[in-house]
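Please put together the full structure from these sequences, using the hints given.
2 protein chains.
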Amino acid sequence: MAKRKPTIHEVAHLAKVGIGTVSRVLNNHPSVRPETRERVLAAMSSLGYSPNPHARRVAGGRSYTISLILPVISTEFYNRLLEGIEQVLSEARYEIALFPIFSPPRLQRYLESRSLAYQTDGLLVASQGLAHLLPDQKFPTERPVVLVDAYSPRYDSAYVDNRLGGRMAAQHLAQFSGEMFAIQMQEELDELMRNTVGQERVAGFREGLRQAGRKLPDSHVFISRFSAEGGRLALQHFMRQSKPPYNIFAGADLLALGVLEEAERQGLKVGEQVRLLGFDGHPWTATKGLSTLAQPIEEMGAEAARLLMDRIRGYKGSPRAKRFEPTLIVRKSTQPPQGVYAD
Amino acid sequence: MAKRKPTIHEVAHLAKVGIGTVSRVLNNHPSVRPETRERVLAAMSSLGYSPNPHARRVAGGRSYTISLILPVISTEFYNRLLEGIEQVLSEARYEIALFPIFSPPRLQRYLESRSLAYQTDGLLVASQGLAHLLPDQKFPTERPVVLVDAYSPRYDSAYVDNRLGGRMAAQHLAQFSGEMFAIQMQEELDELMRNTVGQERVAGFREGLRQAGRKLPDSHVFISRFSAEGGRLALQHFMRQSKPPYNIFAGADLLALGVLEEAERQGLKVGEQVRLLGFDGHPWTATKGLSTLAQPIEEMGAEAARLLMDRIRGYKGSPRAKRFEPTLIVRKSTQPPQGVYAD
DNA sequence: TTACAAAACGAAAGCGCTTCCATGTATAAG
DNA sequence: CTTATACATGGAAGCGCTTTCGTTTTGTAA
Numbered sequence: 002m003a004k005r006k007p008t009i010h011e012v013a014h015l016a017k018v019g020i021g022t023v024s025r026v027l028n029n030h031p032s033v034r035p036e037t038r039e040r041v042l043a044a045m046s047s048l049g050y051s052p053n054p055h056a057r058r059v060a061g062g063r064s065y066t067i068s069l070i071l072p073v074i075s076t077e078f079y080n081r082l083l084e085g086i087e088q089v090l091s092e093a094r095y096e097i098a099l100f101p102i103f104s105p106p107r108l109q110r111y112l113e114s115r116s117l118a119y120q121t122d123g124l125l126v127a128s129q130g131l132a133h134l135l136p137d138q139k140f141p142t143e144r145p146v147v148l149v150d151a152y153s154p155r156y157d158s159a160y161v162d163n164r165l166g167g168r169m170a171a172q173h174l175a176q177f178s179g180e181m182f183a184i185q186m187q188e189e190l191d192e193l194m195r196n197t198v199g200q201e202r203v204a205g206f207r208e209g210l211r212q213a214g215r216k217l218p219d220s221h222v223f224i225s226r227f228s229a230e231g232g233r234l235a236l237q238h239f240m241r242q243s244k245p246p247y248n249i250f251a252g253a254d255l256l257a258l259g260v261l262e263e264a265e266r267q268g269l270k271v272g273e274q275v276r277l278l279g280f281d282g283h284p285w286t287a288t289k290g291l292s293t294l295a296q297p298i299e300e301m302g303a304e305a306a307r308l309l310m311d312r313i314r315g316y317k318g319s320p321r322a323k324r325f326e327p328t329l330i331v332r333k334s335t336q337p338p339q340g341v342y343a344d
Numbered sequence: 002m003a004k005r006k007p008t009i010h011e012v013a014h015l016a017k018v019g020i021g022t023v024s025r026v027l028n029n030h031p032s033v034r035p036e037t038r039e040r041v042l043a044a045m046s047s048l049g050y051s052p053n054p055h056a057r058r059v060a061g062g063r064s065y066t067i068s069l070i071l072p073v074i075s076t077e078f079y080n081r082l083l084e085g086i087e088q089v090l091s092e093a094r095y096e097i098a099l100f101p102i103f104s105p106p107r108l109q110r111y112l113e114s115r116s117l118a119y120q121t122d123g124l125l126v127a128s129q130g131l132a133h134l135l136p137d138q139k140f141p142t143e144r145p146v147v148l149v150d151a152y153s154p155r156y157d158s159a160y161v162d163n164r165l166g167g168r169m170a171a172q173h174l175a176q177f178s179g180e181m182f183a184i185q186m187q188e189e190l191d192e193l194m195r196n197t198v199g200q201e202r203v204a205g206f207r208e209g210l211r212q213a214g215r216k217l218p219d220s221h222v223f224i225s226r227f228s229a230e231g232g233r234l235a236l237q238h239f240m241r242q243s244k245p246p247y248n249i250f251a252g253a254d255l256l257a258l259g260v261l262e263e264a265e266r267q268g269l270k271v272g273e274q275v276r277l278l279g280f281d282g283h284p285w286t287a288t289k290g291l292s293t294l295a296q297p298i299e300e301m302g303a304e305a306a307r308l309l310m311d312r313i314r315g316y317k318g319s320p321r322a323k324r325f326e327p328t329l330i331v332r333k334s335t336q337p338p339q340g341v342y343a344d
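Residue numbers (the numbering used here), protein chains in the order written: chain A, 2 to 344; chain B, 2 to 344.
Hints listed in this document are in silico derivations from the structure and should not be mistaken for laboratory results. Check the hints yourself; a few may be wrong.
No distinction is drawn between identical chains; accordingly, a pair holds when it is met within one copy or between any pair of copies.
[To be verified] The calculated EDC-like cross-link candidates involving lysine to aspartate or glutamate, where the alpha carbons are at most 20 angstroms apart (straight line), are:
(1) K6 <-> E143
(2) K317 <-> D122
(3) K139 <-> D122
(4) K17 <-> E326
(5) K216 <-> E11
(6) K333 <-> E262
(7) K6 <-> E113
(8) K323 <-> D311
(9) K317 <-> E143
These numbers were taken from a predicted model, which means no experiment stands behind them.
This is the structure we're talking about:
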């Protein structure tokens, strides 16, 4: 028999206070004297107390949980996003329930009124173009909804300016001689992932190149699924049409990784015959010497969480959008003329 | 203002019964007269009532939720698995909380005592080799644990015999002339995904080929990440070493898909110059004419859910293992001598 | 020191359920 | 027709919290 968990009453008794005070300590209510709070905290840790979240939910009339709806790809991106979200929400003693979208019917079920997603106090939606799937492009819920890594005029959103990222890539790569190439990622899961991210980045890239007076023929854009192997195929494809040097803007670090692998296999020197710029700024790019456009993923997640908490706390204004910009990090894959590239 | 949700009291009042009876109807308690039950059910639907799960949890002392811990790959597989699990659990009025393992530290956090995963009534773990990460190879929880798509002597498990699948593949492909090849999938996420599935399938394949007196040189095994593009690279690799026909056992349908794509690109006729056998039995293999070893994924999920429910209901016996076998489905990618392959 | 507002606190009243116990009703046995 | 037994039911108690309300304590100004 597992010994029963201690309750708020035992803590109150041990700390010689009422249960109301214990609850106030739990919820960071201001009117508790510091020394009382200390005493309560001490009692808690000596008993190994942790509050029963279910009781909290029924008493509070809220679930103290939010739903995060996200696609099942790009592990690393979503891991970082979650990191940022969690940080903000845990301060508010909120939990996150994850809803990976495995398929369109499943999304529908998530949004049905009996499901867990529906029982939460708010929705964080991290899927581009998800709204397109829904009637009226609106989520069928009374609860607040915030988009993250996506933009819509109907909802609060926190997103990165991918188009700008593309232009920054162009600006950076334009310094080099040789032809320009791009790898555009394309998600496959039918409508669900009507992800415009890949398009936007490459569109920005194209735009930037035009401004710089450089060309990007359609045949120099390789459309790839989101995998390292896609990057390898892309480089093979480019090698079939042109001679080095190749200036390649990979729509994502993972694609760039594949290019690195294939370049090594083909004996091409990265930084000279292959100049390569990724997108995402994942930690491992540092050790690989990969230049990249770093996205402030964690901050974006944190901001989205804040927007949602504001709504949950009753904020009623019109939708707010928080736009983030990527940061260029230059490493040896785009062997810079000198140090960090300056604007 | 959203109108307050109806409670059990309103239902009781409308149906002219006590709240106890309503609760009994909710929980399928046997001692409710059919006509009373009807009346209560009618009242519920006329009020649009649905029970408050949080209240249920605090009153019942259980969370009526189980955790499903799963890797972030192979969407399709886990979608189907979830389908099977859901079916069983929803009958028992249980919810599923999903915990995708984005990274090892995150797994640790999931298992920490304050987290949601810990608050649930049981764990369903769908990750090969996950246990290896943990001290003593045991999950740090008092709650029942059931493995799905994985086996361990310490826990109840439901799994598919991958080795057998490999042998079946060998038996099937051995009818053809030409050299043998295999694509072995390998997960990348460090320890986390120490997934032996790919190995087992290929090991079984090798074993079966040996019994059939056929060879599988090491150089004919291409180790690939889990992506369609991996399959394309594999075929390129095989083409560099040998001439057609190629008899290829792809460790997964997704890899086989890549082989199909590359074969078309290279102008190789599938079923003649390239004989290809997948693994998984995903629905789309039918339209692609891909032969495959179908796994009873949904059934496996359902069975795992049943094992877990048994434990939650108090079953105390020693670990039970439920083994499933794949089924060979022959299509035109392994142009059969005649109809369906018979044992 | 007294007077009074503000801050800190204890305890009671819920939150919406499950479960238990007492009561009532129908059926079987005597 | 009576007594025993099972089944059906209503309602109170209780799950562990939050929140409100009223009381006590503290701090501050007179």
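Outcome of the hint check:
1. Taking the shortest Cα distances, K6 and E143 sit within 20 angstroms of each other only across copies (13 angstroms), while inside one copy they are farther apart (35 angstroms).
2. For the homomeric pair K317 and D122, the shortest alpha-carbon distance inside one copy (15 angstroms) is at most 20 angstroms, but the shortest distance between copies (37 angstroms) is not.
3. Proximity of K139 and D122 under a CA criterion of 20 angstroms is satisfied intra-copy only: 17 angstroms inside one chain copy versus 34 angstroms between copies.
4. Proximity of K17 to E326 under the C-alpha cut-off of 20 angstroms is found in neither arrangement, the shortest distances being 52 angstroms within a copy and 62 angstroms between copies.
5. With identical chains, the CA atoms of K216 and E11 are never at most 20 angstroms apart, being 73 angstroms at best within one copy and 70 angstroms at best between copies.
6. Taking the shortest alpha-carbon separations for K333 and E262, only the intra-copy value of 15 angstroms comes in at or below 20 angstroms, while the best inter-copy value is 34 angstroms.
7. Taking the closest pair of Cα atoms, K6 and E113 come within 20 angstroms of each other only across two copies (16 angstroms); inside a single copy the shortest separation is 34 angstroms, beyond that limit.
8. Taking identical chains as interchangeable, the C-alpha atoms of K323 and D311 lie at most 20 angstroms apart only when both belong to the same chain, with a minimum of 14 angstroms there against 48 angstroms between chains.
9. Taking the shortest alpha-carbon separations for K317 and E143, only the intra-copy value of 13 angstroms comes in at or below 20 angstroms, while the best inter-copy value is 44 angstroms.
In terms of the numbered hints stated before, the structure departs from hints 4 and 5, listed from lowest to highest.
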